[in-house]
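Chemist: Two independent chains are provided; combine them into the complex using the hints.
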Amino acid sequence: MISVAKRIDVSGLSAYYGAHLAIEDISMTVEPRSVTAFIGPSGCGKSTFLRTLNRMHEVVPGGRVEGKVLLDDENLYGAGVDPVTVRRTVGMVFQRPNPFPTMSIYDNVAAGLRLNGVAKRKAELDALVEKSLKGANLWNEVKDRLGKPGAGLSGGQQQRLCIARAIAVEPQVLLMDEPCSALDPISTLAVEDLIGELKERFTIVIVTHNMQQAARVSDRTAFFNLAAVGKPGKLVEIDETQRIFSNPSVQATEDYISGRFG
Amino acid sequence: MDTIDDITGAPPPAAAPPAESAPPAVTRVGDRVFLGLSRGSGITLLVIMAAIAVFLTVRAVTAISGDHGNFLTTFQWNADATPPVFGIGVLLYGTAVSSVIAMVLAVPVAIGIALFISHYAPRRIAAPLAYLVDLLAAVPSIVYGLWGALFLVPHLQGLNLWMDHYLGWTVVLKQTYQGTASRSLFSVGILLAIMVLPVITNVSREVFRQVPRAHEEAALALGATRWEVVRMAVLPFARSGIISASMLGLGRALGETMAVATVLSNSSTITSHIVDPGGGTFAQNIAVYFGEATPFGRDALIASGLVLFVITLIVNGAARLIIARRKEYTA
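Chains A and B, in that order, give the protein sequences.
Counting in the working numbering, the first sequence runs from 1 upward without gaps.
Counting in the working numbering, the second sequence runs from 1 upward without gaps.
Just chain B, with the same shape it has in the complex (with noise of 0.2 Å):
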């Protein structure tokens, strides 16, 4: 029981040990609780990690010692197959171009939500907008998918068509393939940037709610505009902000399984042109797979799952990295 004497930290007399030189410390039942409740969280975490991380090698590695092909860079998943050749080449490729694709396009269109919320909309607007990006996160991925699948695909064709024709000498967005809907890499991209904007647009417009008022009247008393006060003042304060903020959406996009899976035609094979079909994930290729694969093939798709998951520490600690860099310049 605390008492108000507790709370004056001053030992209560009967209780100190009589002879003792040093008196022990004060604690209190509460502390002691707390103390082993949030010790016992870190220590729930530590085991969880290093549950999945076991569990994950110890399966990648009976599969990877068994695969017949190259596991890095063979570019077919036959892991059911006698013998079993499979490799993580068409995967790494497709989930590092979708991703890339995802960010290109929702990273500058986020900031500039993010900006027109917190800066420039008038309140009335604002809240109902910052709303409306939070339904935006709340739609389940596998809608997306049936949504990007069934309305998304058939309309790019326009847009494919167009940047064949004056784009097409770049390569990238030439398009080869004949038919008429593409449920291709690009298109994978750009409903991965849909389904990332909201967190990218959340985590970018509080910390530009967070520039103290002072910078931005700095600024504007050395006769900044409204956008050279977002240049000077919000930018930079929020830079390592928008790098977490984009660095979450990548872990999303990276990870995206079930809208990737329904959109992409599964294929096999890389192709430079990202508007033309085919091209696959880590995660959709699980989710394509793991139904009808036997132990072992259930297995080789851990292995790409470790994978998957390497990648998203890199990225996370990549972007600790930048952040880190920068302290010096955010007081």
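Bound-form chain A, shown alone (with noise of 0.2 Å):
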């Protein structure tokens, strides 16, 4: 596998909509490899953070982002940066999986390399969409019906469907908002099976409201917490998953994981 996972270093970083401050000055580190969880209570900015991370916050109007963002070393949001070309390095999952609707499964995972202008040849279209499909392990239950419709697909076969269309442009990042959120019990485990692969070869950032979730998948787990509502949300501590939901250094932390509050 050639993908070249990349360490992402925040700093400083202010998100707005329109003139509310929704994230403020958020630094972090997300080491490559790895998997890393977001959790907090609901409207925390966990969200909105992560999507600062391949610029798509800015997509929503009056979107608006300050700070840094550095991507092993390139800012992600220097001068003369394409938003466009930072999406196709970091790539993202979103809580409702969201095939598209008029294309075939085959179609749908080759949307992200017809884009990019990367496979010329079918051949090597074929052979790089059957290898996303069983990246995502997925392969074995769409082999027979590629021409079919994505949206035919249950719930977390269509996710996964999503998973193997962000993996197949080989990202560096791969950002997953609450990925299985809309999933029954037995699709979630498939995921999760699935992201425990995945950060073989991407560095992984999760959304998740589940904390279960993050303690089975993450490796480091980040806490976000906002004073009241309406106030900004802020990172309260990053750490190894372990510390995080055994010994964390901030008592909301602790208030939050053991259920006292949020």
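Treat the hints as calculated values from the structure; they're not laboratory data.
Do not rely on the hints blindly, as some may be mistaken.
Unchecked claim - Covered stretches of chain B, as calculated for chain A (at least 3 residues, CB under 8 Å):
id, region
1, 32-46
2, 220-226
3, 231-239
Note that the Cβ used here is the ideal one computed from N, Cα and C, for glycine as well.
Modeler: Here you go:
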């Protein structure tokens, strides 16, 4: 596998929706080839923060970002950086499976490859589609119906199709925004297993509301919180997942994890 | 009178018949009234459709059986002569050609405007622009006709000469007429394109607006540019909507009467040079002849109206077929 997983260094990052400050002054490091989980109560800005890592935040009207995100040494928000190029190197999987409804399973996986102009020849494209579907543990279930619409799959299969679509272009980082929140427990397990395999190749950041999930899949966990509704979300702490769940250094983290609030 | 008890759906015990095995279903006055009203509306629609069809067919059969030419292939319209000789050849050709020109010109522009309003323009430009398009739909068709005849046609001469010079080899765009103003099917097509633009734009814009944000974000996250988002997520999702919108526009173009009658110089010849004057359409032909027609002449015009009716039905049916074939892909 030639994909180069990269380290993410965030410093002093704030994100706005119009005049509203959604997250304030966040700095953290995300290690390559590992899974970093973001947890925290609703509205604490963890999804917003995730979307600043591939410049998806600014596609929302009024969305604006201050601060730096370094992917290895390159600032994603540097002058002259094209957000389209950023998104080609930082892939994303969304909360609800969103395969293109008008496309077949095959075309869904090939969509990103065609955008990038990676594979020109049919045989090359076929091979990459197969590799990506295998990488997403979906190949055996769909290999006989690649021409059928992606929307005809079950929810869990659709989400793995979206993962296949995202990894097909060999991104350096894979962002996942609550990828299992719309899935049943069995599909969730399948996606979690998949995350464990994918971290060998990619830097993975996952937002989750499910603390058991964070504990199961992640190497490091970041806890976000907000002082009150309407106040900006902040990073409380980030540490080894084991530490966060057994002996966090901040009281608020322990309160949240043990269910005393939030 | 509905009471709170009724809303729970439980039958009031006093009203329940004592010795019946199957209790009657509980119905409310409001439901029964509304059922009657909506069923009545449905039936009324069927009756009106049937009345139109019967009227058109009866009168048309009278006319066609008295026709001394071939109704489908005769190129002249002399329904009041003795013996009457008339046919829809010219009308069929003129209607088809002018509508095709209108659709070819209007659909791409309308999709472009709709995309600009829904996906590109900043909000403070999009709203006024949408309003302007609506205004375009509010202009009466006779005003379009007058504008077409007095302004558009004289100003098209330059374009016609240019096309004749550079594209005359296509035969279609060759101008053989030597006069100045060309009251041709081409002019009519341009006018119709402007007239059908608002309906196609508005319907397409609505469909574009309904494209789920999730699909657009999926494309964006793969590193799609704005145009690629439109191509990957917006246009495929909106495809059947665009087809419906175009068919609505086509319906208007096929049936447009006053504007065409004002612009087109009526003649019973057809020519493969669409910029030459002459030709006719169903609706225009009826408008031109109806006032002074004899009762038999009117029946003949009604027969041509029936053909237009059938064409419109076929167009609509075809659109539905196209949309249904794509059903599997539009969740």
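Chemist: May I ask which of the numbered hints given earlier this structure violates, with the numbers listed in increasing order?
Modeler: 1
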